[in-house]
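S.K.: The whole structure should be built from the sequences, with the hints applied where relevant.
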Amino acid sequence: MQPIHLAWVDYAILLAYTAFVIGIGFALRRYLKTSTDFFLSGRSIPAWVTGLAFISANLGALELVGMAASGAKYGIATAHFYWVGAIPAMVFLAVFMMPFYYGSKARSVPEFLKMRFDERVRCVNSISFAVMTVFTSGIALNALAKLLQLLLGWNYNWSLWLCSAVVLLYVFKGGLTSAIYTEVLQFFMIVLGFAPVVWLGLKDVGGWDALKGKLAEVAQNPGALALNDKTFQPDAWTSAWKPLLGGSAHNPMGVDLFAMVFGLGFVLSFGYWCTNFLVVQRAMAAKNMAAARRTPLIAAIPKMLFPAIVILPGMLAVGLALSPGKGYHLPKMEIEAGAYPQAIAAIQAASADPQETPEAAVQAVNSAVGYKMDPAKVEAVIQQNRTSALSQAKLKTELQAAVAENNYDGVIPSLIKKFCPSGLLALALTALFASFMSGMAGNITAFNTVWTYDLYQAYIAPHKDDHHYFRMGQAITVVGVLLGILCAYFAHHYNNAMDVLQLVFGFVNAPIFATFLLGMFWKRTTGTGAFLGLLGGILTSAIFHSLTLATGDAPGLKGGYIEVVKWFPSEMAQNFWLASFSFTACFALTFAISLVTRSMKTDEQLKGLVYSLTPKIKDDEQHFLLRPAVLGTLLIIGCVILNIIFW
Amino acid sequence: MGLDIRWPIGLMFTLVGVLLVIEGFIAGPSEKSLGININLWWGLVLLVFGVLMLLGARRDGKKNPPPA
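Heads up: the sequence lines are chains B and R, in that order.
Read in order, the letters of the first sequence correspond to residues 1 to 647 in the working numbering.
Read in order, the letters of the second sequence correspond to residues 1001 to 1068 in the working numbering.
If you're looking for bench data, these hints aren't it; they were derived computationally from the structure.
Ideal Cβ positions, reconstructed from N, Cα and C, are used throughout, including at glycine.
Wrong hints could be hidden among the right ones.
[What the hints assert, rightly or not] With a straight-line cut-off of 27 Å between C-alpha atoms, the simulated DSSO-like cross-links for lysine-lysine are:
1. B:Lys417 x B:Lys396
2. B:Lys396 x B:Lys203
3. B:Lys377 x B:Lys332
4. R:Lys1062 x B:Lys203
5. R:Lys1032 x B:Lys418
6. B:Lys203 x B:Lys417
7. B:Lys230 x B:Lys212
8. B:Lys618 x B:Lys332
9. B:Lys287 x B:Lys146
10. B:Lys114 x B:Lys523
11. B:Lys417 x R:Lys1062
12. B:Lys332 x R:Lys1032
13. B:Lys616 x B:Lys523
14. B:Lys242 x B:Lys230
15. B:Lys287 x R:Lys1062
16. B:Lys212 x R:Lys1032
17. B:Lys114 x B:Lys418
18. B:Lys607 x B:Lys618
19. B:Lys326 x R:Lys1062
20. B:Lys105 x B:Lys33
21. B:Lys372 x B:Lys146
22. B:Lys377 x B:Lys173
23. B:Lys616 x B:Lys601
24. R:Lys1032 x B:Lys146
[To be verified] Example chain B residues on the side facing chain R (calculated, C-beta under 8 Å, incomplete):
25. Tyr17
26. Ile24
27. Leu427
M.R.: Here's what the structure looks like:
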């Protein structure tokens, strides 16, 4: 990909954005006096602000780029992550769980676990969460720096340090308030920055109906764009439920109905939205209980419509790629500089040896490059080289042109490149920056709170004065960002190690919702039950993973390293089923162990932490439409309508 | 918190809107954006959004002035 050239107006816009986010941090500095101000915004923020921050913190650059990638690979079914996954979970958080989080005055999710259960559960949760946030920001940072290198030709190291420096500055100065305030600005930036790109894409492809027609062609022959080896019904990319009802062989995700609804919709989504401190922290910062409960509900409104700007671009890319004359191709994987010598040697060896079969030659080039290649194009290069030896540079360009494997993460950048003239270009790029920064700031603020309150204050230095923890929060913010940078370099060099880590986090996260569900709604749940149940759930994940594998993967990192007992049609199906098993195991174990162990907490201690022991909140003073239950019901109805429209 | 977030949001989008409108006038419609002068039109949209945010912040600011 040729780097894009930025004009003066582009630099001006990028600069204006950066100045404003840093400016917000500095403007808020004078309001910060106590550690509560720094970590919890002094619980003083209105609901519409925390609501938009809630959604923005979740919308990291990886989500944005990844959802467009899934939109290209799977079509509208990707929206299940929103309409089956996120929305019901957010409504549940608002209506049922927020009263415990906010009412208990816990300062973090791990602290809530300590109040409800005991120190052990908090310890497991806080350590795994702290490590995870640092790694997540590192992975996102690496992805962003690589993207900027590819798209703008910027230096990798410079991008990495500069972007993290901006985030560090405003979080260091303004704490959580500053992160939340900038997240609101970033929310509008993301929406207003990407909307025109999507609009131009939709216009170019000829509107929604034309896109549907194109995607029907794609579904019947996804091989033409190297999307999938199978063929599907014409509506596989444009309806969300029909291909799913047909079973895992009839949708490009390779997922069955149960895995989708229970695995993704219930276990994974509720586990993420209702227990992840990264998002819950935003609601905890709200000014009162009503605002805290309204936070996820306000967030759910834009979240419901987000598929239009995050998934639709992927579908548009596929539609455009299939329209000749539009001059658009799906971006292909870029051959690593280090892979060329071996690949060129393979071509030259094949040209020198007329006896070698074309298949063997293509195979050799394939394994040298590391990506799937177009056999016809590789053979053509060999033929050309045979008649007259090609130069190294020419061979390199020909090889890159022969790569057949799509780089789905490149979909968003490629659309920006295609449709944005200078000016709009900067706006779209700023949207990308904004999404990255909101995600990173979200991770950093959650990390510094959990570190300071749940690890430092709990185990290392209890009983210090408040100012001490405030200073600690600022110091650990710097450390957190530096650790993130370190992880980014780590991810840059050891991609596999990162995959292992993400796998382990997946194991840890899968069962957690069972612990919360039992803890909040069954007062008999004991600390020992929760702790052992959680460990059992994590263990179940690991065992499940070692015994199953997705079709097309080799045993090892992707699973099945003990023995493959069960094959899944796709990695996604494997992942959803893993979560389902892990949750069930954790639930059953926690339940059983709680029955045979004695609770260490009295009913009085559990007041405000368990449903049956907490006085019901009266919503009567609130306007009818603003009551959480009413608003939540309306949201669910909206969600059902969307599911029916895209049935 | 003492700062109304609508001030920075309004200011930033007004500024970016103006920059886009200027670019739209100078460069004219682009082939990339399908022959539409997207900078001009989208710049106007951002400008309107920014000004609305500023007006909202000013109205509420007058009602209950922030503690100095």
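S.K.: Next step is simple, just say for each hint if it's right about the structure.
M.R.: Each hint, compared with the structure:
| no. | hint | in the structure |
| --- | --- | --- |
| 1 | B:Lys417 x B:Lys396 | holds, 23 Å |
| 2 | B:Lys396 x B:Lys203 | violated, 36 Å |
| 3 | B:Lys377 x B:Lys332 | holds, 14 Å |
| 4 | R:Lys1062 x B:Lys203 | violated, 43 Å |
| 5 | R:Lys1032 x B:Lys418 | holds, 6 Å |
| 6 | B:Lys203 x B:Lys417 | holds, 16 Å |
| 7 | B:Lys230 x B:Lys212 | holds, 19 Å |
| 8 | B:Lys618 x B:Lys332 | violated, 56 Å |
| 9 | B:Lys287 x B:Lys146 | violated, 39 Å |
| 10 | B:Lys114 x B:Lys523 | holds, 15 Å |
| 11 | B:Lys417 x R:Lys1062 | violated, 44 Å |
| 12 | B:Lys332 x R:Lys1032 | holds, 21 Å |
| 13 | B:Lys616 x B:Lys523 | holds, 16 Å |
| 14 | B:Lys242 x B:Lys230 | holds, 17 Å |
| 15 | B:Lys287 x R:Lys1062 | holds, 21 Å |
| 16 | B:Lys212 x R:Lys1032 | holds, 23 Å |
| 17 | B:Lys114 x B:Lys418 | violated, 52 Å |
| 18 | B:Lys607 x B:Lys618 | holds, 17 Å |
| 19 | B:Lys326 x R:Lys1062 | violated, 53 Å |
| 20 | B:Lys105 x B:Lys33 | holds, 19 Å |
| 21 | B:Lys372 x B:Lys146 | holds, 22 Å |
| 22 | B:Lys377 x B:Lys173 | violated, 55 Å |
| 23 | B:Lys616 x B:Lys601 | holds, 21 Å |
| 24 | R:Lys1032 x B:Lys146 | holds, 25 Å |
| 25 | Tyr17 | holds, 7 Å |
| 26 | Ile24 | holds, 5 Å |
| 27 | Leu427 | holds, 7 Å |
The earlier numbered hints that this structure contradicts are 2, 4, 8, 9, 11, 17, 19 and 22.
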